[in-house]
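> With the hints as extra help, turn the sequences into a complete structure.
The residues making up each chain are set out below.
There are 2 protein chains.
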Amino acid sequence: MSGQLSDEDYKKKMQKRKEIQEQRLANMKQEKGLIIVHTGNGKGKTTAGLGMVMRSLGHGYQVAIVQFIKGAWEPAEKAVLEQWSEQLEFYAMGEGFTWETQDRERDTMMAQKAWAKAKEFILNPEYKLTFLDEINIALKMDYLDVNEVIGVLEQKPADSHVILTGRGAKPELVEKADLVTEMKLIKHPFKEQGIKAQPGIEF
Amino acid sequence: MSGQLSDEDYKKKMQKRKEIQEQRLANMKQEKGLIIVHTGNGKGKTTAGLGMVMRSLGHGYQVAIVQFIKGAWEPAEKAVLEQWSEQLEFYAMGEGFTWETQDRERDTMMAQKAWAKAKEFILNPEYKLTFLDEINIALKMDYLDVNEVIGVLEQKPADSHVILTGRGAKPELVEKADLVTEMKLIKHPFKEQGIKAQPGIEF
Numbered sequence: 001m002s003g004q005l006s007d008e009d010y011k012k013k014m015q016k017r018k019e020i021q022e023q024r025l026a027n028m029k030q031e032k033g034l035i036i037v038h039t040g041n042g043k044g045k046t047t048a049g050l051g052m053v054m055r056s057l058g059h060g061y062q063v064a065i066v067q068f069i070k071g072a073w074e075p076a077e078k079a080v081l082e083q084w085s086e087q088l089e090f091y092a093m094g095e096g097f098t099w100e101t102q103d104r105e106r107d108t109m110m111a112q113k114a115w116a117k118a119k120e121f122i123l124n125p126e127y128k129l130t131f132l133d134e135i136n137i138a139l140k141m142d143y144l145d146v147n148e149v150i151g152v153l154e155q156k157p158a159d160s161h162v163i164l165t166g167r168g169a170k171p172e173l174v175e176k177a178d179l180v181t182e183m184k185l186i187k188h189p190f191k192e193q194g195i196k197a198q199p200g201i202e203f
Numbered sequence: 001m002s003g004q005l006s007d008e009d010y011k012k013k014m015q016k017r018k019e020i021q022e023q024r025l026a027n028m029k030q031e032k033g034l035i036i037v038h039t040g041n042g043k044g045k046t047t048a049g050l051g052m053v054m055r056s057l058g059h060g061y062q063v064a065i066v067q068f069i070k071g072a073w074e075p076a077e078k079a080v081l082e083q084w085s086e087q088l089e090f091y092a093m094g095e096g097f098t099w100e101t102q103d104r105e106r107d108t109m110m111a112q113k114a115w116a117k118a119k120e121f122i123l124n125p126e127y128k129l130t131f132l133d134e135i136n137i138a139l140k141m142d143y144l145d146v147n148e149v150i151g152v153l154e155q156k157p158a159d160s161h162v163i164l165t166g167r168g169a170k171p172e173l174v175e176k177a178d179l180v181t182e183m184k185l186i187k188h189p190f191k192e193q194g195i196k197a198q199p200g201i202e203f
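Residue numbers (full-length UniProt numbering), protein chains in the order written: chain W, 1 to 203; chain B, 1 to 203.
Don't read these hints as lab results, they were simulated from the structure. Treat the hints with caution; some may be incorrect.
Identical chains blur together in the list; that is why a pair holds if it fits in one copy or across any two.
Here are the simulated BS3-like cross-link-like pairs (lysine-lysine), alpha carbons at most 27 angstroms apart as the crow flies [as the list claims (entries may be wrong)]: (1) Lys-32 / Lys-170; (2) Lys-187 / Lys-32; (3) Lys-16 / Lys-187; (4) Lys-196 / Lys-18; (5) Lys-187 / Lys-140; (6) Lys-156 / Lys-16; (7) Lys-170 / Lys-184; (8) Lys-196 / Lys-184; (9) Lys-117 / Lys-32; (10) Lys-117 / Lys-156; (11) Lys-196 / Lys-156; (12) Lys-140 / Lys-184; (13) Lys-196 / Lys-117; (14) Lys-18 / Lys-176; (15) Lys-187 / Lys-170; (16) Lys-78 / Lys-176; (17) Lys-18 / Lys-113; (18) Lys-16 / Lys-117.
In structure tokens:
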């Protein structure tokens, strides 16, 4: 498209874009702690959360990660994150995927325990970011009550952020959130090419 | 839903899921360097790439990042990434957003320069992961030729991965890729609440 514009028109178009962008930025004055949801059946929900954790660590903020459903993170994440042990609190539910246990009471108990920890971090103003990885699965499985979670999010300090990830986010949570992104699967080599999980990509 | 199952049915359901999962994993034997695309108008394209970079660094791999269009990354990313300077090569196009310059020839030249660097990394088997941040914008603006990019991707070492991000991925690139995720905007506080970019979230 831009290939068909004269140099003069290109310059005008870019000038206009610049003005629109500057106007947009001028209109945005408010700072606010955000409730962020990554959902959908695609990849990148956890890794995008991890990227935000990195940014926050780079700014010198205190960060908490609570991992629901999945077991402890893999050695690669740990190796990277342990370098920030002074800024970072990490709590992982002790067990593997939920279908490994087949005991609803135990699954519920562990999710509730992780949630109790999450609540402490969310309400503690020292933590600028709390990342609740795969909490949407715990909500979907009814291990946690969405109204209880929303009630705590409503009490969070005004300038701190919470990221909630996992497919199938509850509509009530999407309604409450400030920033919602659906990671949508377009193509996946697992399904289409029979390729296994690989280090650096999946873990 | 699961709340209505008896404990016995819950156990059966989870058992079945476990079997399906194990079968799926058993079918996936192949390892393969992937061409990964993050596109769409939502957030998380760059941060998900950053999360994969972290994982690869945690595994001890050599990683290269080439940043197209946007200027140098923000201090927060740099503070975090500079701790891996032995494993990580970083090349950033020297200028800000494209509409800052308004000179197509200069924009094209800089994108081509970044691409020349990217090509070196992609073809060098030492780099297990090359992350081409916002390259889709350079392709959309016709600063780079998509067939040239695909031609180089076809020559990459078999076990190395390339991530290409940015909205509006070209159909030819989506066709060539192994793993494509669309980050879809559901809700964004910039647009809906006039909230400005904040440290830890946007940069």
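> All the hints need checking, so say for each whether the structure fits it.
Going through the hints against the structure:
1. Lys-32 / Lys-170: Intra 23 angstroms, inter 35 angstroms, cutoff 27 angstroms: intra-copy only.
2. Lys-187 / Lys-32: between (35 angstroms within a copy, 15 angstroms between copies)
3. Lys-16 / Lys-187: between (36 angstroms within a copy, 26 angstroms between copies)
4. Lys-196 / Lys-18: between (44 angstroms within a copy, 17 angstroms between copies)
5. Lys-187 / Lys-140: Answer is both: 25 angstroms inside a copy and 21 angstroms across each meet the 27 angstroms cutoff.
6. Lys-156 / Lys-16: neither (40 angstroms within a copy, 39 angstroms between copies)
7. Lys-170 / Lys-184: both (16 angstroms within a copy, 17 angstroms between copies)
8. Lys-196 / Lys-184: both (20 angstroms within a copy, 26 angstroms between copies)
9. Lys-117 / Lys-32: Classified as within: same-chain Cα gap 23 angstroms, cross-chain 39 angstroms, threshold 27 angstroms.
10. Lys-117 / Lys-156: within (14 angstroms within a copy, 45 angstroms between copies)
11. Lys-196 / Lys-156: between (40 angstroms within a copy, 20 angstroms between copies)
12. Lys-140 / Lys-184: both (18 angstroms within a copy, 21 angstroms between copies)
13. Lys-196 / Lys-117: neither (33 angstroms within a copy, 30 angstroms between copies)
14. Lys-18 / Lys-176: neither (33 angstroms within a copy, 33 angstroms between copies)
15. Lys-187 / Lys-170: Close inside one copy (25 angstroms) and across copies (14 angstroms); limit 27 angstroms.
16. Lys-78 / Lys-176: Result: close neither inside a copy nor across copies, 31 angstroms intra and 33 angstroms inter.
17. Lys-18 / Lys-113: between (49 angstroms within a copy, 24 angstroms between copies)
18. Lys-16 / Lys-117: Close neither inside one copy (49 angstroms) nor across copies (31 angstroms); limit 27 angstroms.
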